[in-house]
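Each chain, written out:
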Amino acid sequence: NAGVTQTPKFQVLKTGQSMTLQCAQDMNHNSMYWYRQDPGMGLRLIYYSASEGTTDKGEVPNGYNVSRLNKREFSLRLESAAPSQTSVYFCASEPFVGSYNEQFFGPGTRLTVL
Amino acid sequence: SQQGEEDPQALSIQEGENATMNCSYKTSINNLQWYRQNSGRGLVHLILIRSNEREKHSGRLRVTLDTSKKSSSLLITASRAADTASYFCATTTSGNTPLVFGKGTRLSVIA
Numbered sequence: 441n442a443g444v445t446q447t448p449k450f451q452v453l454k455t456g457q458s459m460t461l462q463c464a465q466d467m468n469h470n471s472m473y474w475y476r477q478d479p480g481m482g483l484r485l486i487y488y489s490a491s492e493g494t495t496d497k498g499e500v501p502n503g504y505n506v507s508r509l510n511k512r513e514f515s516l517r518l519e520s521a522a523p524s525q526t527s528v529y530f531c532a533s534e535p536f537v538g539s540y541n542e543q544f545f546g547p548g549t550r551l552t553v554l
Numbered sequence: 266s267q268q269g270e271e272d273p274q275a276l277s278i279q280e281g282e283n284a285t286m287n288c289s290y291k292t293s294i295n296n297l298q299w300y301r302q303n304s305g306r307g308l309v310h311l312i313l314i315r316s317n318e319r320e321k322h323s324g325r326l327r328v329t330l331d332t333s334k335k336s337s338s339l340l341i342t343a344s345r346a347a348d349t350a351s352y353f354c355a356t357t358t359s360g361n362t363p364l365v366f367g368k369g370t371r372l373s374v375i376a
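Chains A and B, in that order, give the protein sequences. Sequential numbering of the first sequence, starting at 441, is according to the working numbering. Sequential numbering of the second sequence, starting at 266, is according to the working numbering.
Derived by calculation from the structure, the hints in this document are not laboratory data. Warning: the hint list may mix true and false statements.
[As the list claims (entries may be wrong)] A few chain A residues that don't get close to chain B, going by computed Cβ distances all over 12 Å:
{"id": "1", "residue": "Lys511"}
{"id": "2", "residue": "Ser515"}
{"id": "3", "residue": "Leu518"}
{"id": "4", "residue": "Arg550"}
{"id": "5", "residue": "Leu554"}
[What the hints assert, rightly or not] Listed below are several chain A residues computed to face chain B (Cβ distance under 7 Å; list not exhaustive):
{"id": "6", "residue": "Leu483"}
{"id": "7", "residue": "Leu485"}
{"id": "8", "residue": "Phe530"}
{"id": "9", "residue": "Pro547"}
Here the structure is a predicted model, which is why all the values come from computation and not from measurement. Where a beta carbon is used, it is the ideal one built from N, C-alpha and C, also for glycine.
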């Protein structure tokens, strides 16, 4: 029972390059989330998927796309990376959006865009 | 924009002392949660308090909620060096909206 896993753990990109961050959960949760964390800014929601087949924008969606591949997997894609996207990215899951349940977080991906 | 705002931004105490962190929010909530983040790690859930509850305990943690003041506090009693971490409050405003996190309080417990 691994919980929420993320790959890769670290990544360095050049401006304009693309990449996909992968996230998977093995808790049979319906809802999954992508956050970014910048120093002094807390966590900001990029996109979320309330259930398989649906995705919605969060607070800071510009420059990102997401895919809910199946119930387990939720990926985040940067089509043309910019230095402003340098951040730590966290994936999380919970049984249902806004439920009286906790969110479970992955270990994070530290991304640097040069 | 962030719903919750933690106060203070940083707190440094001696081992054995109590640590109190506060969270204020702007709109009515469904529930409020507290999370801990150790350096370089993902967040870990600590406790959830519903909007109709006023106080909850879990081990050395005590959370209060005052909906009239739109504020919550997290008290860690008899702190330990291992409590050194950042603490975040997060709120939901209705039954099907995502959590919104505050910017966090950095707690340092000095042995």
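How the hints compare with the structure:
With a least CB separation of 18 Å from chain B, Lys511 (chain A) remains clear of the 12 Å interface cut-off, as annotated. Every C-beta of chain B lies more than 12 Å from that of Ser515 (chain A), the closest at about 17 Å, which supports listing it as non-interface. The claim that Leu518 (chain A) lies off the interface holds: its Cβ sits roughly 20 Å from the closest Cβ of chain B, which is beyond the 12 Å cut-off. For Arg550 (chain A), the condition that its CB be more than 12 Å from all CB atoms of chain B is violated, with the nearest at approximately 8 Å.
With a cut of 12 Å on Cβ distances, Leu554 (chain A) stays outside the contact zone with chain B, its closest approach being about 21 Å. Among the interface hints, the one on Leu483 (chain A) holds; its C-beta lies about 4 Å from the nearest C-beta in chain B, closer than the 7 Å criterion. The closest approach between the C-beta of Leu485 (chain A) and any C-beta of chain B is roughly 6 Å, which is under the 7 Å cut-off, so the hint is satisfied. Because the beta carbon of Phe530 (chain A) sits about 6 Å from the nearest beta carbon in chain B, less than 7 Å, this interface hint is met.
With a cut of 7 Å, the hint placing Pro547 (chain A) at the interface with chain B holds, because the nearest CB-to-CB distance is about 5 Å.
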